[in-house]
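Asker: If you want the building blocks of each chain, they are given just below.
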Amino acid sequence: MKELDVVLTAFREATGCEAAVWLEGPNGRLVATASSNAGASPPPFPPAHTEPPRRVITARGEMLVTAISGPRAAWLAIGPCGAGGAAELDAYRRFLLPVVTQYLQSALEVEHAAAELAERYEEINLLYTISEILGRAVTLEETAVTILEEVSGTVGARRASILVHDRVTDTLNVVAALGVVAAEAPPIAVDDPNSVSARVFREQHLRIVEEGEMLCDAERPYRKGAMMSVPIMWTSPTGGSEPLGVVNLSGRHGDQPFTAGDQKLMAAIATQIGTAIQNARLVRSSLNQQKLLQEMQLAHDLQMKLLPRADVVAPEATVSARVIPAESVGGDFYNLFRLGEGRTGVMIGDVSSHGYRAALIMALTMSATAIHAQRTSDPAQTLDALLHSVRDELESTEMFVSVFYGVVDPAAERLRYSNTGHPHAFVIGANGSCERLPALDPPLGMVPDAPAAQERPWASGEDLLLLFTDGISDARGRDGERLGEQAVLETVLKHRAEEPSEIVEHVFEILRQHMGDTPRRDDLTLVVLRS
Amino acid sequence: MSFSIKKQGDIVVVDVEGQLIVGNRQELKQKVLDELEKGEKKFLIDFSQTGYIDSSGLGVLVSLSKKIREQGGELRLANLNDDLKTLFELTKLDTLFQIADTRERALESF
Chain G
16 MKELDVVLTA
26 FREATGCEAA
36 VWLEGPNGRL
46 VATASSNAGA
56 SPPPFPPAHT
66 EPPRRVITAR
76 GEMLVTAISG
86 PRAAWLAIGP
96 CGAGGAAELD
106 AYRRFLLPVV
116 TQYLQSALEV
126 EHAAAELAER
136 YEEINLLYTI
146 SEILGRAVTL
156 EETAVTILEE
166 VSGTVGARRA
176 SILVHDRVTD
186 TLNVVAALGV
196 VAAEAPPIAV
206 DDPNSVSARV
216 FREQHLRIVE
226 EGEMLCDAER
236 PYRKGAMMSV
246 PIMWTSPTGG
256 SEPLGVVNLS
266 GRHGDQPFTA
276 GDQKLMAAIA
286 TQIGTAIQNA
296 RLVRSSLNQQ
306 KLLQEMQLAH
316 DLQMKLLPRA
326 DVVAPEATVS
336 ARVIPAESVG
346 GDFYNLFRLG
356 EGRTGVMIGD
366 VSSHGYRAAL
376 IMALTMSATA
386 IHAQRTSDPA
396 QTLDALLHSV
406 RDELESTEMF
416 VSVFYGVVDP
426 AAERLRYSNT
436 GHPHAFVIGA
446 NGSCERLPAL
456 DPPLGMVPDA
466 PAAQERPWAS
476 GEDLLLLFTD
486 GISDARGRDG
496 ERLGEQAVLE
506 TVLKHRAEEP
516 SEIVEHVFEI
526 LRQHMGDTPR
536 RDDLTLVVLR
546 S
Chain H
168 MSFSIKKQGD
178 IVVVDVEGQL
188 IVGNRQELKQ
198 KVLDELEKGE
208 KKFLIDFSQT
218 GYIDSSGLGV
228 LVSLSKKIRE
238 QGGELRLANL
248 NDDLKTLFEL
258 TKLDTLFQIA
268 DTRERALESF
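Going down the list, the protein sequences come from chains G and H.
Residue numbers for the first sequence follow the numbering used here, beginning at 16 and rising by one.
Residue numbers for the second sequence follow the numbering used here, beginning at 168 and rising by one.
These aren't lab readings, by the way, just hints derived from the structure by calculation.
Treat the hints with care, since some could be wrong.
Label-pair ranges, simulated between beta-carbon atoms [to be verified]: (1) Pro330(G) <-> Glu241(H): 52 to 60 Å; (2) Gln193(H) <-> Ala512(G): 45 to 53 Å; (3) Ser169(H) <-> Lys279(G): 49 to 57 Å.
Take a look, some chain G residues computed to stay more than 12 Å from chain H by CB distance [claimed, not checked]: (4) Arg44; (5) Ala53; (6) Thr144; (7) Asp207; (8) His268; (9) Gln309; (10) Asp326; (11) Pro330; (12) Ala378; (13) Phe415; (14) Val462; (15) Arg493.
Built from N, CA and C at the ideal position, the CB exists for glycine as well.
Based on the provided sequences and hints, a complete structural model is requested.
Answerer: Quick look at the structure:
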């Protein structure tokens with residue numbers, strides 16, 4: 016204590032008396048903490064705190080030794096003195112003792128504060144280390160053992176374990192443990208009445224249990240002596256709190272009890288572990304979701320690739336077509352065929368469902384039609400052949416397909432068509448006429464009979480064939496009202512002189528205005544042909 | 168959206184409230200098939216409180232109609248609103264079902 020050395024040296028210069036402050040060291044020996052003389056010897060037989068100052072005669076002269084009051088065993092020794100000084104020893108003691116006592120008291124407080132700070136520093140350092148470990152890793156399993164090593168090092172526990180709740184089996188499973196192989200530790204049922212971990216998990220409250228309270232065999236491997244069991248909690252951004260697991264610590268060095276500070280520290284660490292578990296779960300589910308989205312996107316792309324480009328029937332026909340599935344894949348489709356001698360086959364269809372099952376039927380229908388359409392230019396025969404190809408599949412899945420298939424022959428100025436249950440097929444004339452081509456049969460798959468066909472005149476280069484699915488006419492607006500078939504027809508009639516691609520654009524524009532950001536419930540398909 | 172089933176004489180009357188769509192069609196199917204299993208033969212589905220039927224809903228009606236026929240039973244539909252009537256006509260489904268304008272006429276037709 017340098018400052019006290021200076022005080023004691025100044026005291027010697029003023030009085031001619033040596034002075035020293037002695038503290039009891041760890042082995043009971045006295046150690047000078049401050050002295051006016053670096054080579055001073057410890058005073059023999061220092062008085063106890065309760066005893067009065069003691070005069071000691073040494074070879075170098077007389078000394079007065081006084082116990083200093085305070086939490087530590089300390090003494091003030093004054094003397095030996097120069098000539099005549101010994102007579103003043105008592106007076107000097109009365110002067111010096113309060114100064115030294117006060118100084119020692121302050122010094123001790125500083126020392127205590129430093130020790131406490133060091134301890135806090137260790138804890139903060141531990142929390143920091145753990146957050147760093149958790150931040151680097153994606154899964155808790157990678158880091159759990161490292162965390163336990165850090166924690167047990169700081170808290171001084173030789174046994175430690177992290178148990179995480181499995182929501183499927185409703186058990187607590189050891190993901191990491193010190194002193195036992197995690198994989199060999201049996202899971203603990205959350206409702207196990209004997210398990211400390213299970214109880215802490217259920218009650219969401221920290222517990223410290225003594226050795227005698229160990230009743231659950233599954234916990235035995237990672238318990239030794241008293242055990243502190245802390246729930247791992249996760250607090251959602253909305254404020255709800257949910258238990259995710261338990262951290263257990265036991266086997267403290269020297270069987271020291273767990274302090275309130277240990278409990279606070281463990282609660283803080285458990286919160287960090289909880290956040291890490293939750294993050295890991297979110298990362299995992301987000302990765303799964305991303306994968307699913309990618310697969311759905313792939314399926315969507317594949318399905319869109321099955322649909323032909325509108326220019327495959329050029330220059331005999333000018334066609335514009337668009338399909339927008341409600342989900343990533345849908346059951347709507349169209350198909351276009353060049354049938355020779357200037358004839359064009361155009362088909363629109365709707366499988367009676369959505370999603371993957373409908374998409375499979377759609378793909379099957381598309382490929383079967385492609386084969387059958389090339390063999391005959393009679394739509395009824397094509398659809399009958401299609402029905403034979405897909406009948407078993409439709410029956411087993413209880414689906415059906417509404418299909419319109421028309422063959423336009425501009426040279427003969429005829430349109431021949433079959434319609435199995437498709438409601439929205441029209442011929443729009445250049446003069447503004449609008450004729451529906453009604454279904455001649457129920458949808459494919461509902462009845463075993465062969466479909467029929469019908470023929471009507473076709474004004475080459477003028478008439479428009481307009482085909483759309485009920486996803487368009489049934490599209491709901493913000494207030495739930497349907498767009499309706501009439502709105503589509505009016506738009507097409509208004510723009511009938513324009514190119515098919517422009518007409519399609521106009522129809523989708525009124526759809527956009529009608530629907531806004533209302534989610535689509537059905538696939539949207541529109542085909543416009545001029546030939 | 169729900170289905171209520173009651174017996175009127177020897178006829179099972181099903182009321183479809185709300186919509187018959189992909190999300191609830193299986194429920195209707197199961198309810199009717201349960202009755203069929205119990206030996207019921209005459210079924211009437213009343214759509215007076217039905218706003219909308221999608222293509223999956225139509226599919227289930229066709230499937231039920233087949234199954235009831237296979238068991239030697241009969242199915243009648245009643246009270247289709249104008250939109251639904253148009254839908255049945257446009258898709259030619261009206262040729263597959265016996266459809267009555269009112270519940271009373273449907274009941275009399277068995």
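Asker: Against this structure, judge whether each hint is valid.
Answerer: Going down the list of hints, with the structure as the test:
no., hint, in the structure
1, Pro330(G) <-> Glu241(H): 52 to 60 Å, "55 Å, holds"
2, Gln193(H) <-> Ala512(G): 45 to 53 Å, "48 Å, holds"
3, Ser169(H) <-> Lys279(G): 49 to 57 Å, "55 Å, holds"
4, Arg44, "88 Å, holds"
5, Ala53, "94 Å, holds"
6, Thr144, "52 Å, holds"
7, Asp207, "40 Å, holds"
8, His268, "63 Å, holds"
9, Gln309, "25 Å, holds"
10, Asp326, "30 Å, holds"
11, Pro330, "33 Å, holds"
12, Ala378, "18 Å, holds"
13, Phe415, "6 Å, violated"
14, Val462, "7 Å, violated"
15, Arg493, "17 Å, holds"
Checked against the numbered hints given earlier, this structure breaks hints 13, 14; the rest are met.
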